[in-house]
Amino acid sequence: NAGVMQNPRHLVRRRGQEARLRCSPMKGHSHVYWYRQLPEEGLKFMVYLQKENIIDESGMPKERFSAEFPKEGPSILRIQQVVRGDSAAYFCASSPSPGGNQPQHFGDGTRLSIL
Amino acid sequence: AQSVAQPEDQVNVAEGNPLTVKCTYSVSGNPYLFWYVQYPNRGLQFLLKYITGDNLVKGSYGFEAEFNKSQTSFHLKKPSALVSDSALYFCAVRDKINFNKFYFGSGTKLNVKP
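Just so you know, the sequences run in chain order A and B.
The first sequence runs 1 to 115 under the numbering used here.
The second sequence runs 1 to 114 under the numbering used here.
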């Protein structure tokens, strides 16, 4: 399967713990995007990364959230000291370029539950 | 600011009947518009896009969408609905300056009954 791969599919954490979400883009795609989806809502843009660079993090909360896309390996979305409000589905998407007529291809998401 | 609106939370239609899922947009200039479908516990799947050209765009699974500039709408349509079309549908507009940004509507749940 050459699609966008996200793991884990489900993640349970207690308040105050750290959550790490991983995303491997489609083969040949070097642009990665992270979105958050709250129940009954659409997707909200969080961050856009290229290899080793954060291009746009305007949708990312200023505290506790960080993202990286290293030269080797998957992109990581990291949430420190999780709180109940972080419970959501987190989706990763990738594209071969950021061009206007290219759709983004989505993974199946990680559903994060905070106890 | 760019945005899309999906005025209906839910659409119910009988199998075999035509379906329409509504989307209106607010964008300066010509928009880049997309429709995605989301099945339970899955990510979004691309259906179709409008960039330029013909106002009627054909996409996957027999879906099409009509771009109407005067009404600032991009409604999703299908002539004959299938039960398997039941899913969550999202309209999205792409930021024309920051191409990395999509603005998604709140989604419309389509229920197709046998």
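Keep in mind the hints are simulated off the structure, nothing from the lab.
C-beta: ideal position from N, C-alpha, C; glycine also.
Keep in mind that a hint or two might mislead.
Computed beta-carbon distance windows for the label pairs [unchecked claim]:
hint: 1; chain 1: B; residue 1: N17; chain 2: A; residue 2: E18; range: 31 to 39 Å
hint: 2; chain 1: A; residue 1: R84; chain 2: B; residue 2: T72; range: 33 to 41 Å
hint: 3; chain 1: B; residue 1: T20; chain 2: A; residue 2: Q50; range: 18 to 26 Å
hint: 4; chain 1: B; residue 1: N55; chain 2: A; residue 2: N7; range: 36 to 44 Å
Far from chain B, by Cβ distances over 10 Å, these chain A residues were calculated [claimed, not checked]:
hint: 5; residue: Q6
hint: 6; residue: E63
hint: 7; residue: D86
Does the no-contact call for A:Q6 survive, Cβ to all of chain B over 10 Å? The claim is violated: A:Q6 sits with its nearest Cβ about 8 Å from chain B, within 10 Å.
Mind checking the hinted window 33 to 41 Å against the Cβ distance between A:R84 and B:T72? Between A:R84 and B:T72, where Cβ atoms are some 38 Å apart, the hint holds.
Could one say that the CB atoms of B:T20 and A:Q50 fall in the range 18 to 26 Å? violated (38 Å)
Is it correct that the beta-carbon of A:E63 has no partner in chain B closer than or equal to 10 Å? At roughly 22 Å from the nearest Cβ of chain B, A:E63 sits farther out than 10 Å, so the non-interface label holds.
Given a hint of 36 to 44 Å, does the C-beta separation of B:N55 and A:N7 actually sit inside it? holds (41 Å)
Mind verifying the non-interface call on A:D86? Its CB should be farther than 10 Å from each CB in chain B. holds (19 Å)
Is the gap between the beta carbons of B:N17 and A:E18 within 31 to 39 Å? The hint (31 to 39 Å, Cβ to Cβ) is violated, given that B:N17 and A:E18 are roughly 49 Å apart.
Comparing the model with each earlier hint shows violations of hints 1, 3, 5; every other hint is respected.
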